[in-house]
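Top line first, the protein sequences correspond to chains X and R.
Be aware that the first sequence starts at 1, since it is given in the numbering used here, and climbs by one per residue.
Be aware that the second sequence starts at 1, since it is given in the numbering used here, and climbs by one per residue.
Keep in mind that the hints are not guaranteed to be accurate.
Chain X side only, calculated, beta carbon under 10 Å to chain R, not exhaustive [what the hints assert, rightly or not]: (1) Glu9; (2) Ala26; (3) Ala73; (4) Tyr100; (5) Asp164; (6) Lys167.
Since the hints were derived computationally from the structure, they do not count as laboratory data.
Note that the coordinates shown come from a computational prediction; the quantities given were computed from them, not determined experimentally.
Yeah, the Cβ is synthetic: ideal placement off N, Cα and C, and Gly gets one too.
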Amino acid sequence: MPDTRLTDEQESLRSTVADFAREVVAPVAGRHDEDQTFPYEVVEGMAKMGLFGLPFPEEYGGMGGDFFALCLAIEELARADSSVAITLEAGCCLGAMPIYRFGTEAQKQEWLHRLCSGEALGAFGLTEPDAGSDAGGTRTTAVLDGGEWVINGSKSFITNSGTDITKLVTATAVTATRDDGQKEISSIIVPVGTPGFSAGPPYSKVGWHASDTHPLTFADVRVPEANLLGTRGRGYANFLSILDEGRIAISALAVGLAQACVDESITYARARTQFGRPIGANQAIAFKIAEMETRTHVARTAYYDAASRMAAGRPFKKEAAIAKLFSSEAAVTNAREATQIHGGYGFMNEFPVARHWRDSKILEIGEGTSEVQKLLIARQLGL
Amino acid sequence: MNIVVTVKQVPDTWAEKKLDASDRTTDRKSVDNVMNEMDEYGVEEALRIKEAHGGEVTVVTMGPQKAVETIRKALSMGADKAVHLTDDALHGSDALQTSKALAKVIATLSPDLVITATEASDARGGVMGALLAERLGLPQLTLARKVTVDPAAGTVQIERQADNGYALVEASLPAVVGVVEKINEPRYPSFKGIMAAKKKPLTTLGVGEAGLDASEVGLASAGSKVDDAEPRPPRQSGTIVKDEGDGGAKIAEFLATQKLI
């Protein structure tokens with residue numbers, strides 16, 4: 001049944017992506033998970049629907065939608081496959097959004113059309129072996145030399161950075177030391193193929209097997225000075241502002257996974273018979289599912305609220321952190337309970353809940369851990 | 001090419017279909033309603049022909065107010081405009097009456113080509129293409145798995161699906177073509193398409209505006225009548241045949257008792 005909080009257009013988009021997820025994504029999700037392969041054919045289908053351009057204006061090849069629309073699409077994709085959902089989330093929020101928000105007109109013209117059409121993917125290189133939430137640990141450096149940035153360093157866990165269609169990586173790098181001894185961090189666009197830039201072998205991950213993740217190396221990588229993205233010295237601050245909205249998108253992804261666990265559990269609890277009746281007739285199982293549904297419902301309400309605030313131009317930092325914290329924990333709990341309900345079958349990879357269980361944990365870690373979310377919420381409360 | 005494509009809103013394909021207890025018509029209130037899945041192939045084919053030869057695609061549907069959702073889906077896929085025939089007097093119309101009403105609307109649009117699906121997933125009559133062709137006095141090409149239009153020659157050729165292959169069938173335009181699911185892969189609407197759909201022209205007609213008399217349509221004057229209906233019996237548990245060298249014979253025996261062979 002359509003959600004009364006959505007407009008006709010939002011509901012049409014949601015149901016269209018839900019159809020696509022059921023018909024195109026779900027049938028191949030298990031295979032790509034098992035083989036750890038990037039689902040190019042699925043990404044191509046998403047590109048045809050314009051999903052990679054959802055929150056961007058038409059003048060740059062986008063769909064003219066908003067961030068809420070993107071979140072609805074991410075949620076529905078995650079009901080079938082988290083890897084596919086994170087590919088879209090990272091493509092839009094980390095690949096294209098920084099260029100749209102902070103890029104010069106020339107940079108937007110050069111990159112956004114390709115990124116919005118889904119013909120190319122962009123990645124954002126922030127995390128390093130010694131720097132995640134702590135920007136001060138950034139070791140990658142960029143030095144101006146003869147009108148070019150010379151970049152040296154390495155990045156870790158970079159999503160969408162090594163696919164056949166990855167065309168750029170925006171990297172944060174130390175560009176100077178300020179008078180107060182703090183590092184000046186800037187963002188620089190590095191096109192794939194620039195000599196000295198390379199993506200290492202893909203990580204062996206617990207989950208998100210069909211999502212593309214690599215370590216990156218920059219060895220005397222030279223790019224034009226004009227590849228600086230945004231104001232010099234604002235690289236980290238700009239990225240943090242992008243992360244605020246990214247949290248709503250991750251929350252939507254978590255809600256999709258939590259919902260998938262409810263859906264799978266209902267089907268299984270009705271079909272699985274023990275001691276002469278479906279296991280769903282036992283309150284031990286039915287109550288678990290009722291709690292899972294409750295968590296999912298509340299988590300969705302939280303991200304709808306944060307996304308509506310953002311769309312209305314109101315402050316949403318606290319609400320985004322609340323949505324991310326609650327929904328990622330709801331996803332992990334639902335995945336654990338769904339696996340439990342499935343018994344031995346829940347531990348078998350052929351059952352989607354096993355994949356959801358492995359895919360869920362990262363949600364409490366990526367784009368700000370649960371602890372960081374609590375820190376953000378507490379700060380917003382003046383603590 | 002001026003292409004008309006017919007669509008129908010039906011109860012969700014996967015939902016259990018019920019009849020309304022009061023008048024034994026399809027119960028549309030207790031389930032989600034969607035575009036008849038097979039109509040998506042018709043809309044897709046119409047769009048492809050338009051993309052190849054230019055022209056305009058008009059969606060025509062008959063159904064309750066809610067059927068506008070199905071129109072919107074076809075428009076978001078890329079159709080240009082729509083006509084929605086809706087009136088309480090149409091409730092309970094059978095296939096004959098529906099074809100009469102639809103033909104009346106379609107005739108006013110003077111199409112070069114009318115595209116229908118092979119059947120709708122609710123009633124599964126599979127007759128609308130043929131009925132419309134008769135009513136409109138146009139050639140009918142049904143079960144098309146491939147459609148080739150030659151606007152210059154004023155002809156349409158199809159590969160007509162048959163049990164052992166296909167037949168090449170050609171007709172002069174205008175014509176009515178019924179398509180099968182094999183014909184294409186329907187596109188998913190893009191968000192841009194969804195946003196554009198609400199700005200596209202939609203004409204809503206009542207029975208009178210369509211030039212019909214209320215006495216010609218609707219349950220009271222329908223040519224067929226549903227007297228009674230039984231829900232589908234619960235599925236029986238299966239029979240397991242253990243192969244002890246005679247498995248084939250046992251399966252054949254079972255199929256024979258079910259009158260399947």
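Consistency of the hints with the structure:
Checking Glu9(X) against chain R by beta carbon gives a least distance of about 5 Å; that is within 10 Å, so the hint holds. A least Cβ separation of about 14 Å between Ala26(X) and chain R goes past the 10 Å threshold, and the interface hint is therefore violated. The closest approach between the C-beta of Ala73(X) and any C-beta of chain R is roughly 8 Å, which is under the 10 Å cut-off, so the hint is satisfied. Evaluation of the Tyr100(X) hint against chain R yields a violated restraint, the C-beta minimum of about 16 Å exceeding 10 Å.
Among the interface hints, the one on Asp164(X) is violated; its C-beta lies about 23 Å from the nearest C-beta in chain R, farther than the 10 Å criterion. Interface restraint check: Lys167(X) against chain R, minimum CB-CB distance 22 Å, threshold 10 Å, status violated.
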